[in-house]
Amino acid sequence: MPRELRSLKQNEAEALFRRIGITFAVYGEGGSPDRLIPFDMFPRVFQADEWARLERGIKQRARALNAFLVDVYGRGEIVKAGRIPGRLVYQNEAYETAVCGIVPPKGVYSHIVGIDLVRTGPDEFFVLEDNCRTPSGVSYMLENREIMMRMFPALFQENRIAPVENYPAMLRRTLASVAPHKCDSDPRVVILTPGHFNSAYYEHSFLADMMGVELVEGSDLFVEGDYCWMRTTEGPKRVDVIYRRIDDAFIDPLCFRPDSMLGVPGLMNVYRSGGVSICSAPGAGVADDKAIYTFVPEMIRFYLGEAPILNNVPTWQCAKPEDLKYVLEHLSELVVKEVHGSGGYGMLVGPKADKAMIALFDQKIREKPWNYIAQPTLALSTCPTFVDEGIAPRHVDLRPYCLVGEDINLVPGGLTRVALTEGSLVVNSSQGGGVKDTWVLAE
Amino acid sequence: MKLTISHETLYRFEPPMRGVVQSLRLTPSQFEGQQVIDWSIDVAGAERGAAFRDGAGDWVETVSVLGPVSEVRVVVRGTVITQDLIGVLKGHRETVPPEAYLRPTLPTEADMAVRALAESALESVENDDPLARAHALASAVTDAIAYCPGETNPGTSAAEALALGRGVCQDHTHALIAVAQASDIPARYVTGYLESGADGGAHEASHAWAELWVHGIGWIGFDAANACCPDERYVRIGSGHDAQDAAPIRGVAAGIGVEALEVDVHVDDTTADQGQSQTQQ
Numbered sequence: 027m028p029r030e031l032r033s034l035k036q037n038e039a040e041a042l043f044r045r046i047g048i049t050f051a052v053y054g055e056g057g058s059p060d061r062l063i064p065f066d067m068f069p070r071v072f073q074a075d076e077w078a079r080l081e082r083g084i085k086q087r088a089r090a091l092n093a094f095l096v097d098v099y100g101r102g103e104i105v106k107a108g109r110i111p112g113r114l115v116y117q118n119e120a121y122e123t124a125v126c127g128i129v130p131p132k133g134v135y136s137h138i139v140g141i142d143l144v145r146t147g148p149d150e151f152f153v154l155e156d157n158c159r160t161p162s163g164v165s166y167m168l169e170n171r172e173i174m175m176r177m178f179p180a181l182f183q184e185n186r187i188a189p190v191e192n193y194p195a196m197l198r199r200t201l202a203s204v205a206p207h208k209c210d211s212d213p214r215v216v217i218l219t220p221g222h223f224n225s226a227y228y229e230h231s232f233l234a235d236m237m238g239v240e241l242v243e244g245s246d247l248f249v250e251g252d253y254c255w256m257r258t259t260e261g262p263k264r265v266d267v268i269y270r271r272i273d274d275a276f277i278d279p280l281c282f283r284p285d286s287m288l289g290v291p292g293l294m295n296v297y298r299s300g301g302v303s304i305c306s307a308p309g310a311g312v313a314d315d316k317a318i319y320t321f322v323p324e325m326i327r328f329y330l331g332e333a334p335i336l337n338n339v340p341t342w343q344c345a346k347p348e349d350l351k352y353v354l355e356h357l358s359e360l361v362v363k364e365v366h367g368s369g370g371y372g373m374l375v376g377p378k379a380d381k382a383m384i385a386l387f388d389q390k391i392r393e394k395p396w397n398y399i400a401q402p403t404l405a406l407s408t409c410p411t412f413v414d415e416g417i418a419p420r421h422v423d424l425r426p427y428c429l430v431g432e433d434i435n436l437v438p439g440g441l442t443r444v445a446l447t448e449g450s451l452v453v454n455s456s457q458g459g460g461v462k463d464t465w466v467l468a469e
Numbered sequence: 119m120k121l122t123i124s125h126e127t128l129y130r131f132e133p134p135m136r137g138v139v140q141s142l143r144l145t146p147s148q149f150e151g152q153q154v155i156d157w158s159i160d161v162a163g164a165e166r167g168a169a170f171r172d173g174a175g176d177w178v179e180t181v182s183v184l185g186p187v188s189e190v191r192v193v194v195r196g197t198v199i200t201q202d203l204i205g206v207l208k209g210h211r212e213t214v215p216p217e218a219y220l221r222p223t224l225p226t227e228a229d230m231a232v233r234a235l236a237e238s239a240l241e242s243v244e245n246d247d248p249l250a251r252a253h254a255l256a257s258a259v260t261d262a263i264a265y266c267p268g269e270t271n272p273g274t275s276a277a278e279a280l281a282l283g284r285g286v287c288q289d290h291t292h293a294l295i296a297v298a299q300a301s302d303i304p305a306r307y308v309t310g311y312l313e314s315g316a317d318g319g320a321h322e323a324s325h326a327w328a329e330l331w332v333h334g335i336g337w338i339g340f341d342a343a344n345a346c347c348p349d350e351r352y353v354r355i356g357s358g359h360d361a362q363d364a365a366p367i368r369g370v371a372a373g374i375g376v377e378a379l380e381v382d383v384h385v386d387d388t389t390a391d392q393g394q395s396q397t398q399q
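Going line by line, the protein sequences match chains A and B.
First residue of the first sequence: 27, per our numbering; consecutive thereafter.
First residue of the second sequence: 119, per our numbering; consecutive thereafter.
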């Protein structure tokens, strides 16, 4: 593509994004917090057979994670069998004793599992982390596709690219399929948002729009009798399924943080007595903790009796003395993450860090070893990407969104994030990463 | 012992609120030391619902009152037959793994002084005698905090109460949970009623104590405020990680105003009355 046309197209893409209104709030920067997430026009392409294997691996993982959640809030067989240390599970910050003994409808705690993957070889994928609570970014997957189709309609006629547009319908079906037993009519689904100050508010309203469901804040809902109700101009309407985009701690001031203004007082009691479903179910976070992550292959073997299709990145637990020793000796080669961190905040990329940064992490890890894990820096695959000099390879990762309800579904695609700085391995949009459309070619 | 309980809680709101929602953990559960004969909760003008037994074995229900609400009166009446099991919570159905009670919450977070107290209490106790270890921690807390109402408030943490050396049953309980957890012993907060009798040795009719997980036995109650283990004078209502989590009533009022609270609790030994009514039948 000639340079002039390229910049023309790039401007067109930017104008489209501006018009649609996709912005992303970046914390810890000055100026306007709402900015455009950089979009790269070069799509990332998967062949049908590559995708088929990924899909099997992702679904397998989502099944195991949910089996683990039902187990650790129930009989705790995996702990009793000595396959995962009880301390990591039961003393985990994300473990909620308030939901012990609860089996949510269809046995699903995590309804939307976002699994972050990187590729290191032709047939080699590693899972970087699992997101079992409320993974964000799916609106970019949908918007990226829409913009590509508007800008390059011919490409979609010449190539057989599997569609992702049915994701909202699939999400709605998934949510409706986990309505509580007490719901005897067409389930009413709502999205609960913390409000427009939240960095992902755009996505909340986008998904509500695409699914044709109400977007509500805590103050729009109330608890009376056995149910949760939504205030409407036509009087109260019973709510059956809440896709919540607020953290556990804020869901209900009568159960969790008493100072929460974002939640609904009494909602956890309605949930626990079977009057409403909450997606993801409160307590789901214990499955995506970075210390628990190490044990996901073990979960797959334990609950499913299968060999893991997707590999974990080798991980050192700083809580273990021998691992801690190795990590402190090799800080300049490793990626160090906080156990509960997300969004690329508070992490050390050893090979890119200066001496002061390494010294700082050395001290932090010694103070709270259990708070850190470390992983090798992988030779991440790259994807052709438009940069100022032309087309150049840039590192990418992939987050597909697996939907778990009555059945398990995965749209062929996901969010490809790209590190726009040469050599950089950090793809998080909060750290200046960009996004690409992800194509799965049909056979 | 047959205990008759009358427990009234009155919330007044000025100006009236738009609505009030409460979660009640106010019904004693059954176990070998405790048999509930009758129990009723009455909240005038409230919609009741969303009731269930939680993983810790407590019965929880929800009440909501539509506004304008100027007062909410929660009236509890009941009769319970109790037995002295020297604190052991025997035959209590629950599913929460004991290890989940090793994680401190804000009020039970240990500081240097809490850890030091736990260490000195356990200095001369055999490591393989978990019951003796639990007793040693409870009596250390009894000695470290003098019963002294009005010196602490509901927000006082275990570390603060220990530094002050004074407090009420909530402080003794948080402190015992903190030293137990610091010693790798699961511990939790228990609420209930206490029949204080004529001797006046016990402190409050609406009471709180701690339960510690003792390997080989199970959950055992320790009342550090009264330097004893719960006996037949105690009625156990519910448990949680700390006072707030275990609270018999947790509520939220929608609106802006002043909330006033009045609590009236009577626990009477009616063992003799039972004999009378039986002879009359």
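Honestly, the hints are just simulated from the structure, not real lab data.
Glycine included, C-beta positions come from ideal geometry on N, C-alpha and C.
Among the hints, a few may not be true.
Claimed, not checked - Taking beta-carbon pairs under 10 Å as the criterion, some of the chain A residues facing chain B (in silico):
#1 G100
#2 A107
#3 Y121
#4 C126
#5 G251
#6 F276
#7 L280
#8 P284
#9 G292
#10 M294
#11 Y329
#12 L350
#13 T403
What the hints assert, rightly or not - List time: in silico DMTMM-like cross-link candidates among lysine to aspartate or glutamate, alpha-carbon distance up to 25 Å:
#14 K106(A) x D229(B)
#15 K346(A) x E393(A)
#16 K132(A) x E364(A)
#17 K390(A) x E432(A)
#18 K390(A) x E227(B)
#19 K346(A) x D229(B)
#20 K346(A) x E212(B)
Which of the stated hints cannot be reconciled with the structure, identified by number in ascending sequence? The structure breaks hints 2, 6, 11, 12, 13, 14, 16, 17 and 20; every other hint is satisfied.
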